[in-house]
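Student: Residue numbers (my numbering): 1 to 442.
Hints are computed from structural coordinates only; laboratory data are not their basis.
As the structure is a computational prediction, the values presented were derived from the model and not from experiment.
All residues carry an ideal CB built from backbone N, CA and C; glycine is no exception.
Label-pair ranges, simulated between beta-carbon atoms: (1) ILE15 with ALA113: 46 to 52 Å; (2) GLU408 with TYR344: 19 to 25 Å; (3) THR2 with ALA239: 30 to 36 Å.
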Amino acid sequence: MTFITGIRSLEQKFIVDFFDGPGFAGTYTIANSGEHDQFTQEIQYNNAFMNDRLDFVGGVYYHTESNTTDWSTLFDVGLPLLLADREMDNDNSSFAVYGQADFHITDAVTLTAGVRWTDEEKEVDLQDFKPALAANNPYPNILIFPAAPGTELTTANLEAAGIATKLDESVVTPRFAIQWQITDNVMAFASHTEGFKSGGWNARGTSAAELLPFDIEEVETQELGFRSDWLDGTLRLNATFFWMEATDFQVPSAFVRDNGTIAFITRNFADLENEGLEVDLSWAPSEMFNMYATAGFQDAEQIPGEAIRQQQSDCRAGLAGGGQGIVTPSCDIADPTRSPDTTYTIGANLTAQLPSFNGYLSGNINVRSTDDLNVGTSGLPNGLVDATTEMNAGITLGVGENLRFALECQNCTNELVQHSVLAGTFYFNEPRRVTFRARYSF
Numbered sequence: 001m002t003f004i005t006g007i008r009s010l011e012q013k014f015i016v017d018f019f020d021g022p023g024f025a026g027t028y029t030i031a032n033s034g035e036h037d038q039f040t041q042e043i044q045y046n047n048a049f050m051n052d053r054l055d056f057v058g059g060v061y062y063h064t065e066s067n068t069t070d071w072s073t074l075f076d077v078g079l080p081l082l083l084a085d086r087e088m089d090n091d092n093s094s095f096a097v098y099g100q101a102d103f104h105i106t107d108a109v110t111l112t113a114g115v116r117w118t119d120e121e122k123e124v125d126l127q128d129f130k131p132a133l134a135a136n137n138p139y140p141n142i143l144i145f146p147a148a149p150g151t152e153l154t155t156a157n158l159e160a161a162g163i164a165t166k167l168d169e170s171v172v173t174p175r176f177a178i179q180w181q182i183t184d185n186v187m188a189f190a191s192h193t194e195g196f197k198s199g200g201w202n203a204r205g206t207s208a209a210e211l212l213p214f215d216i217e218e219v220e221t222q223e224l225g226f227r228s229d230w231l232d233g234t235l236r237l238n239a240t241f242f243w244m245e246a247t248d249f250q251v252p253s254a255f256v257r258d259n260g261t262i263a264f265i266t267r268n269f270a271d272l273e274n275e276g277l278e279v280d281l282s283w284a285p286s287e288m289f290n291m292y293a294t295a296g297f298q299d300a301e302q303i304p305g306e307a308i309r310q311q312q313s314d315c316r317a318g319l320a321g322g323g324q325g326i327v328t329p330s331c332d333i334a335d336p337t338r339s340p341d342t343t344y345t346i347g348a349n350l351t352a353q354l355p356s357f358n359g360y361l362s363g364n365i366n367v368r369s370t371d372d373l374n375v376g377t378s379g380l381p382n383g384l385v386d387a388t389t390e391m392n393a394g395i396t397l398g399v400g401e402n403l404r405f406a407l408e409c410q411n412c413t414n415e416l417v418q419h420s421v422l423a424g425t426f427y428f429n430e431p432r433r434v435t436f437r438a439r440y441s442f
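Throw the hints in and build the complete structure from the sequences for me.
Tutor: Take a look at the structure:
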């Protein structure tokens with residue numbers, strides 16, 4: 001029997017300037033002050049039965065947390081405009097019971113069956129400080145306009161708009177698998193696994209109508225693959241085919257309102273289907289040298305629900321514009337964000353002994369290539385990222401048992417790669433970084 005207890009308390013204050021950079025600053029800013037407390041308890045039981053032919057693990061898990069977040073949103077229109085100033089209290093608790101059994105039919109074949117039942121409860125409570133500030137503005141350099149009646153960020157306004165302030169979900173997630181040790185060096189497997197991601201509220205909304213809840217995301221995944229060693233264990237080849245379907249896929253999105261401010265929204269816009277292949281190859285002919293390569297292939301698409309189909313129809317009829325949510329400017333369904341069709345990685349590590357220094361010299365290099373993708377949810381051209389190739393490398397000199405020198409570079413070729421986009425503002429990867437380290441161990 002194993003008991004695992006976790007207690008965590010966090011207090012944090014930070015400011016995020018979404019447009020910080022070489023151009024201008026302070027255009028859209030969120031200031032956040034939060035207190036977060038969490039407690040978890042797990043009791044786990046492990047045992048073997050039937051002369052070790054049946055392995056069992058089971059247990060219970062409890063999680064509770066309390067969060068208080070006070071945050072303000074400002075938009076600069078020549079003078080800072082206060083969009084929202086609110087406090088959110090949300091309490092979450094979950095209880096789960098789980099069990100899994102591995103039955104060794106033979107020495108080579110193992111069947112696995114498991115299940116987890118989870119019950120979650122969430123509650124949110126809101127206070128809006130903006131009305132009081134608008135009535136008596138203590139900050140003459142900040143514009144504060146009163147909110148329209150009924151739009152204030154309060155629990156009462158959420159309930160009046162029919163927005164749930166309590167969420168309760170019970171989910172059963174099974175897992176089934178079979179593993180076949182074909183030879184000492186080759187193993188094949190197949191599995192079916194289900195899981196979920198919790199729901200919640202669109203907390204960055206600046207009016208009651210935008211603080212909408214989103215449902216849990218449920219995922220089913222099937223895998224078929226093998227693991228293998230060859231050439232006396234120096235060559236390893238692994239491959240996995242996968243099929244995945246996510247129901248009520250959660251998508252965080254953002255768009256520019258008619259007044260120029262930014263709206264953040266997280267919704268269950270569609271389902272998601274994805275299938276593909278992952279391959280890993282490594283070769284280590286000696287302790288001094290190894291190389292590896294990985295390849296990933298996938299075909300992901302979003303399957304919209306009725307609301308998004310209606311948005312498409314309105315877009316094509318000219319009743320509404322595209323480029324919002326997961327509908328593109330041409331009224332099509334956008335590809336899932338950051339889902340390149342192919343990715344490749346190749347790398348190597350080499351070490352040479354230096355007897356005269358009682359040391360060694362080692363080097364490493366890896367190159368990653370990614371197919372084109374879109375970092376935005378709506379398929380806008382400003383989110384399109386062409387295929388990229390990035391390289392990292394390093395060299396280390398060891399002298400004796402105590403002295404080490406290392407020279408490393410990340411993004412050695414100084415490639416400029418867009419990682420995200422928000423309201424027409426681009427966020428890029430780090431430029432080339434060269435690091436030198438010297439270390440002496442006493």
